[in-house]
Amino acid sequence: GDMNTWGDRIPNSLDIVNLTNYVAENRNLTVDVNAFVRAANLETYQGSGGTISLEIPVNQNFSATHKIHVGTDSMVHVDGGNVHIGSDLTVDGISGAQFVQTAGNVHVGGDIKLGTFDGDGTYKLSGGTLDMENGQIEYGTGNQNFHFSGGRLTNLRLVTSDDPSQANLVQS
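For what it's worth, my numbering labels the leading residue of the sequence shown as 1018, then goes sequentially.
Some clues are possibly wrong.
To be verified - Straight-line alpha carbon distances no greater than 20 Å define the calculated EDC-like cross-link-like pairs of lysine to aspartate or glutamate that follow:
id	residue 1	residue 2
1	Lys1141	Asp1096
2	Lys1141	Glu1060
3	Lys1084	Asp1032
4	Lys1141	Asp1105
5	Lys1084	Glu1072
6	Lys1084	Asp1128
7	Lys1084	Glu1060
8	Lys1141	Glu1042
9	Lys1141	Asp1128
10	Lys1084	Asp1105
11	Lys1084	Glu1042
12	Lys1141	Asp1032
To be verified - Label-pair restraints from in silico Cβ distances:
id	residue 1	residue 2	range
13	Thr1171	Ser1104	17 to 27 Å
14	Leu1175	Ser1143	21 to 31 Å
15	Asn1035	Ser1112	31 to 41 Å
16	Phe1134	Gly1067	18 to 28 Å
17	Phe1053	Gly1097	16 to 26 Å
18	Thr1082	Phe1134	19 to 29 Å
19	Asn1172	Val1040	31 to 41 Å
20	Asn1151	Thr1082	15 to 25 Å
Don't read these hints as lab results, they were simulated from the structure.
Glycine residues also receive a C-beta, built at the ideal position from the N, C-alpha and C atoms.
Could you build all of it, start to finish, from the sequences and the hints given here?
Spelled out as structure tokens, the structure:
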């Protein structure tokens, strides 16, 4: 089905939502109804020349009881909505894996894992509130960045790194 309309079926708490782009186009999906899923995976096929993004605008909710994975040339953009992740948020891809929060609330029940498998992973917090619920931010062995230029970061327990020379916490 058409990914812009959830394939004419709104996912539920048992569904694992896989958003994959295989073509040289930029694909965008905007959450226009509250979604409650088990897990979500975003990935663009390497070398396709395209991207994929999931937008969570004002007054919309996107909840995953388990995890969210943002992979190669993929982005989640929280622009005023609410995101609840019951477990880990992994931002890791060969290139271009990003989680961008400009407003709204993000609750992570596990850890944020950036660049865990020798890949790229970036979290950009410029507005809203990121509640880590006593979790940690883990830097893997890839190229990872946590950009903190605005908003609030609360309940962060720890920041860890497999390779401290590659981990960046940038406050600008």
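Here is how each hint holds up against the structure:
no.	hint	in the structure
1	Lys1141 - Asp1096	holds, 12 Å
2	Lys1141 - Glu1060	holds, 18 Å
3	Lys1084 - Asp1032	holds, 12 Å
4	Lys1141 - Asp1105	holds, 17 Å
5	Lys1084 - Glu1072	holds, 17 Å
6	Lys1084 - Asp1128	holds, 10 Å
7	Lys1084 - Glu1060	holds, 14 Å
8	Lys1141 - Glu1042	violated, 24 Å
9	Lys1141 - Asp1128	holds, 16 Å
10	Lys1084 - Asp1105	holds, 5 Å
11	Lys1084 - Glu1042	violated, 26 Å
12	Lys1141 - Asp1032	violated, 27 Å
13	Thr1171 - Ser1104: 17 to 27 Å	holds, 18 Å
14	Leu1175 - Ser1143: 21 to 31 Å	holds, 23 Å
15	Asn1035 - Ser1112: 31 to 41 Å	violated, 19 Å
16	Phe1134 - Gly1067: 18 to 28 Å	holds, 22 Å
17	Phe1053 - Gly1097: 16 to 26 Å	holds, 18 Å
18	Thr1082 - Phe1134: 19 to 29 Å	holds, 23 Å
19	Asn1172 - Val1040: 31 to 41 Å	holds, 40 Å
20	Asn1151 - Thr1082: 15 to 25 Å	holds, 18 Å
Violated hints, listed in ascending order, are 8, 11, 12 and 15; each of the other numbered hints is respected by the structure.
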